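Model the full assembly from the supplied sequences, consistent with the hints where possible.
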Amino acid sequence: DFDDQKLISYLRLKEQPGIAIMIMSKYKEIIVDEFQDINRLDFELIKLLTHDKKLIIVGDDDQAIYGFRGCSPKYIINFENESGRKTSSFILQKNYRCPKNVVEKSMKLIRHNKNREDKEIYAHSKEDADISVWNSINCGGEAQIISRMIKKIIRERENFDLNKISVLYRMNSQSYLYRLR
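Numbering (this note's numbering), first residue to last: 1 to 181.
Calculated from the structure, these hints are not laboratory results.
A quick note: this is a predicted structure, and the numbers were derived from the prediction, not measured.
Ideal Cβ placement from N, Cα and C applies to all residues, glycine included.
Watch out, some of these pointers could steer you wrong.
What the hints assert, rightly or not - Taking lysine to any residue pairs in the SDA-like style, the calculated list, with each CA pair at most 25 Å apart, reads:
no., residue 1, residue 2
1, 152, 178
2, 74, 5
3, 53, 12
4, 126, 166
Said to hold, decoys possible - Label-pair ranges, simulated between beta-carbon atoms:
no., residue 1, residue 2, range
5, 22, 80, 25 to 33 Å
6, 40, 126, 41 to 49 Å
7, 22, 136, 50 to 58 Å
In structure tokens form, the structure reads like this:
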């Protein structure tokens with residue numbers, strides 16, 4: 001189990017700080033991406049390994065979706081207090097991925113999150129996308145609805161660029177249902 005590997009590593013490095021110093025001696029700075037997805041053990045291990053290093057963290061508290069795994073956005077939101085480090089922050093507010101109305105609608109929803117940094121995200125794109133909301137009983141039904149919608153788009157629009165379609169799903173394992181359709 002990966003958590004066991006991290007825990008054993010953390011305990012060994014805590015017991016024998018010389019090993020951590022030796023391992024980290026070749027590094028001046030450490031970059032941790034997806035910082036919103038770390039849990040307490042991850043945070044303590046990062047602190048242990050980077051205590052005398054320049055630490056750059058990258059993440060978005062609005063994308064913290066792994067609470068069921070013990071992850072918390074508090075480590076990025078309250079980084080200065082949690083880590084005891086002085087910080088500089090840079091907020092990237094321009095979204096290059098999504099059409100304008102997708103960003104606007106997602107911000108209306110995200111603003112209701114209680115545990116988040118207040119920020120205003122805006123879209124680089126001025127184009128809007130067609131947005132449809134459907135309900136289904138399970139993942140298989142959802143995949144059928146989406147597959148039908150994509151087939152309809154392809155039938156109705158000659159030479160349609162399939163790269164203009166994105167399907168967002170909660171877990172990577174859900175993608176298998178779409179590959180079979």
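Taking the hints in turn, this is what the structure says about them:
no., hint, verdict
1, 152 to 178, "holds, 15 Å"
2, 74 to 5, "holds, 24 Å"
3, 53 to 12, "holds, 20 Å"
4, 126 to 166, "holds, 18 Å"
5, 22 to 80: 25 to 33 Å, "holds, 29 Å"
6, 40 to 126: 41 to 49 Å, "holds, 42 Å"
7, 22 to 136: 50 to 58 Å, "holds, 54 Å"
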